[in-house]
Structures are given as structure tokens and as C-alpha cells.
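Residue numbers (this note's numbering), protein chains in the order written: chain A, 515 to 868; chain B, 515 to 868.
Think of the hints as simulated: they come from the structure by calculation, not from any bench.
Remember, it's a predicted structure, so these values are computed and weren't measured experimentally.
One or more hints might be untrue.
[To be verified] In silico lysine-lysine, DSS-like type, Cα no more than 25 Å apart, as pairs:
id, chain 1, residue 1, chain 2, residue 2
1, B, Lys-776, A, Lys-772
2, B, Lys-575, A, Lys-772
3, A, Lys-776, B, Lys-549
4, A, Lys-796, B, Lys-634
5, B, Lys-796, A, Lys-798
6, A, Lys-796, B, Lys-798
There are 2 protein chains.
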Amino acid sequence: MPHSQTNKITISIDTMGGDQGVNITIPGAARTLEKHPNIHFLLFGDESYIRPVLSRYPNLKSNSEVIHTPHSISNTEKPSVALRKGRESSMRLAINAVSDGRADCIVSAGNTGALMAMAKMVLKCLPDIRRPAIASVLPTHDGEIVMLDLGANLSCDSEVLVQFALLGAVYAKVVGGKETPTIGLLNIGSEDIKGHEELKSAAAILERVSFSGKYHGFIEGDDIPMGTTDVVVTDGFTGNIALKMAEGVANLSALYTKEAFKSSIFAMMGALLAKRAFSRMKAKIDPRFYNGGMFLGLDGVCVKSHGGTDAIGFANALEVAYNLIENEFNEKVAQELKELMNQESFFASDIEGV
Amino acid sequence: MPHSQTNKITISIDTMGGDQGVNITIPGAARTLEKHPNIHFLLFGDESYIRPVLSRYPNLKSNSEVIHTPHSISNTEKPSVALRKGRESSMRLAINAVSDGRADCIVSAGNTGALMAMAKMVLKCLPDIRRPAIASVLPTHDGEIVMLDLGANLSCDSEVLVQFALLGAVYAKVVGGKETPTIGLLNIGSEDIKGHEELKSAAAILERVSFSGKYHGFIEGDDIPMGTTDVVVTDGFTGNIALKMAEGVANLSALYTKEAFKSSIFAMMGALLAKRAFSRMKAKIDPRFYNGGMFLGLDGVCVKSHGGTDAIGFANALEVAYNLIENEFNEKVAQELKELMNQESFFASDIEGV
């Protein structure tokens, strides 16, 4: 029974997704249940894999239901093929549970493209939302921010960008706890013609309308790690590349630090002395605590975990889904969107590219 | 007299550009002259600023010529305004020196947009090159790579992307010393439709034609810091945002390391012991040694220094320009391009968006 009718939250899990499947997803669920005893889990997947792991977690066992299917979606499966041939897959059945009202949300560590394609088809978008976006919380110098789109849409017209700004603002407010979140539109600053037409047009709309967020203006790439704004809005192509490049640079920095500490006997002694300080720093930016790509804009909560994470990381993705339900994110988005659409001139003729 | 007729290389400098103008550009030139005594400098700018600094560098003084102008382009000047009103500016006169044949190349730490606009107008593109790109050498886990475009073109059709691939490949070969440089087209991998039409079409051309580089395929954001390919090709919007985000993350990592070393008495002792190891690491990725954005594709060498760099960084930008001239980059591009254009089906009908 969904959240709205009880104080239970039911999370549907595609247990087969990710590099290690049930060995990560089941221990992750057990961990989340310790923190939130009001969760009930629907565990979709091959029960011959699920049951042996589940038997190690008696509390989870008594707060979950195993729904067996021998089929799963591989990481290399094309989304279009997954849509056609994956109707009995653990991923698809787990999504169906949300559209059927048996679960409040679905979490998977599987194939991103397939998950997005299936979730879009089964759950559909919220009323008046044109496209879903992949959003993620990121650590910055100035606290946590939310960035979207991270790969669901190659290009976005101005209205879609405005809707993403609204999704991000509502998230930063209702889940992130920020009173009036600031919104930045990602752009470049070095040229006379500053940015695409759709960016200029989105900026014009955001300056005019009123909603949960406050439009800050255009920001540049280095504003993201500085935390200049609470919400960063961009198209999925740029967002995906920028995020992956940032992750790569962060990993490289960590590697260089490790190499420096190993490069001499003095540095090694220094490493021993500084060990606790560096552990604290690492914990602060541990990617596992930022795991969970939210598919915002869908009429149902769907969260994608990194495929290569561990149980702690998967538990964080579950937590992300839990928070979206607990804070009634989708209900608040629907309400804000309705108000926004009623504001004069939202669909004015200066919206380009629609 | 230009390089082709003597063994001297003449570098034209806009001495007024950058946050600190002559206090950086003149000492930077002096530093480069020590390394390359065959350079002659043309120093454009306000002589009341230039002369006092220049008098401290007698060797530079005797190997340079001061060309006085009281006008300069501010960092906030719009490129279109700079084009119209900046005809007597140090930046414009320094560029003119290249088109007049008085200098081999021009280096400025000034307004990027204005420099690109003026350089494009005055120098024009190499024959058959449709658009110039901003390119930069970047440090990666697997050695140095070259990435372009970093902000000259908001969007690029497939032919322009192929030309950028060629520019990058020739650079990696003749300046970077790589026998057969590998080329990656920056894309995202999570969706069924992997990338824009122009990327698919550019990939099809790069798979077919033969030139200095070897086409590797699509790469993702994290491939850049890993150094997966020697050349990274992308449009200027994506490239600019990805690079700035990467710079921001690198700065943030450095800041976190600093904070960790200061966070306890043990960590501070550790810092003392590891100091030399970290200095070596920092030297390896010192942004000053990667300073110098090359405007590739122009019929004349133009290099943009970061405005906020110091004399060491500005000297590196001069070195970048020197290497392009010394290795006859433009001559080799022109030759390769001619061969490429002669290859059957380069302008086949499957080139989209041209």
C-alpha cells in the first residue's frame, strides 16, 4: 500500500542491477532498514541469488517480499531492446510495482539508459512536465548543490530548462532544506554571444516568473565546485560530460596525493601522522554518500545507483529515494508547476525552440 | 622579418593585457629570451608603463622594440565594441604586426573574446579551415593531451569537428612529438541515441579518412583526465564548461588537502615531513606550465595567456607560441588539410549540418 495511505514506505528494488547485484543491493537494503524501520521492500530478481544473501539479514527478510524473475537487463543492453524484450526483467517488474501502486519508489543499480527508457514509458511524466531529467546532489566548497540534467536529454529547449530549474528548486527546498534556493544556468562567458538562444530565452523566463527558487543568472563551469548556486541547470550532454570530467579529476587528485605520500620515507611518515585528517577529508567528499541519480519529472520516484558502488553507496541511493517520498517531492512539484503555468506570459511568444 | 627568412623568431606581445599588464608580460618575455636567444620581441603598449619595467631587463631591451600606443582593451569590453573602437589598441596593433609580416606570432593575456574577434578578422582562417578553435595542452594521468574547442564556437557541425580533429592531431604530432596521435570525440554514453547527429557524422568521416591522427572513437568526460586519447575534440560550449569545472575541482582538491594538513597538530607535523613530496606533485600539475590557449586554424599564430598568471605562466604562453612557429605548425596543417580534402568522399552527402 503506498505511502499516502499508511506511514510505511514501500521501496521496490531491482536487486540484479549493478556490478555485484544481490551482494550489494540486499546488504544495502538491510542497512537502510536499520535507519528507517518504516520501510517495506519489494525485492525483484532471481530468488536463487536473493534468498541465500537475504537469509543473512533476518530483519530485512521479515520486512520484505521476494518477487522472483529469472530475467535481468545487462549493462550492455540497448535501451530500445530492453524496452521490447525486457518485459519480465527484474528492472521492469520493479518499475511496474510503482505504476501499479504497490510501491512508492524504485531503485536500481542497473543499465542507466534502459532504466530511463522503461521508467519514462511505464511511469510517464508528471502532468505538464515535458521531459524527465537526471539530477544528483554534489558536494561543493559551499555545501551541497543539486545539478541537472546529467544525461537524460541531449539538448533542451528553453521551456524544458525552466522546468528543470523548477524541479531543482523544489528539490533544494523540500529535501535540501534551503529556504529560497538560488538557480544558475550553466553557460560560457568568454564570447560576445553568450550562449545558445535557448539559454537566453530560459534566462528571460526565469527572470520574470516567481517560484520556490531565485534565479541567480548565468554561471560558468568553475561555479559548480565553488557552490555559487544551490541548483545548476544545464542540458544532459553538457551536464554528463562536465560531471564525468569532474569525477575523473577528483579521482586523479586523490591518486596524486596517494603517490606523493608514497614517494619518500619522509612523506610516508607524514602520511601516518596526517592519516586521520585525510580520512576525515575523504569522508566529507566520499562519492558513496552522493550516490543516487534521481530521475526527476516522472510521475513516480525512480533513483539510479552507480553500478560500481558498495552496500553503503546503495543504501545512500535508497535514502535518496526515501527522502523524495518522505518529503512528498512529486506532489510539491505538481503544485508549483501548476502555479507557474498560471503565471502570465509563461508561454509567451519569446519562448524559442519549443 | 618573419621566421621563414631568418633563424630569428619575432613575437609580438600585447604588453597591456592581463590583470597585471607589463609587470607580468615584460618579465615573462625576459625569461623566455634567456631560454631562446633567437627571439626578437615587439612590445605593444603604453611606453610610460613599458619602459620602467623594461629597463630592469637589459638583454630584453636590446632584443626588443617598443611600439607605443596609449590605448588598450579592457577585460569587460565586448568583442564587437573592441573590433569597432579598438583599432589603435595594443592588442590590435600586436595582431596587425603578424598580418603585416613584421612578427611570426602574437601573444596576449587580455580579453579572450576581443582577442579572438580581432585575430579572426585580421589574420583570417587558413585556406579551407572554416572556424578557429581554442586549444590547450592539459596534464593527465597518462601524459599530456590537447583539447579543443575550449570556447571559440558554441556549436560545431561535423565538418568543423573533423577539422578540429586534424588541427589537434597535427599539433600532437609536430609539437607533442607523438608518432600517430589518437583522437577522441567527446560524447555521452548513457543513452540509446549516443550523441548529436553532428558527432555521429564526424565519427563516420574520421573512420573513413586518413591523416596524422588515428581515430579512437567516442570518449566520455572521465576519459579526459585519464588521458585515454592524445586529442580530445568537442564543441566550444561543452569544452569550456568541462575545462572550467575540472579546474574548479582541481582547485577544490588542493584546498581540501591544505585544510586537512592544517586540521590537527599531527597533520601539521605530517605536512612538514611530506612537504617536498607535495611540492614535486604540485610542480607536475602546476597550471602555469599549461598556460597558453592556442587559437588554432588561423592564418597566423595567436596565443592567449590566462589573465591572472604570473611571469612564469606568461613565459609558458610565449613558449607555446614559439613551439608552434619553430615546428611550422600552420604550414603542416595547410599541407595535411589539402591532402584530406583530396581524399574521396570527404565532402560526401552524409555530412550533416554543413
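Now for the hints, and whether the structure bears them out:
1. Lys-776/B - Lys-772/A: holds (18 Å)
2. Lys-575/B - Lys-772/A: violated (46 Å)
3. Lys-776/A - Lys-549/B: violated (34 Å)
4. Lys-796/A - Lys-634/B: Not satisfied, since the Cα-Cα distance of roughly 46 Å exceeds 25 Å.
5. Lys-796/B - Lys-798/A: holds (23 Å)
6. Lys-796/A - Lys-798/B: holds (23 Å)
Hint compliance for this structure: hints 2, 3 and 4 are broken, all remaining hints hold.
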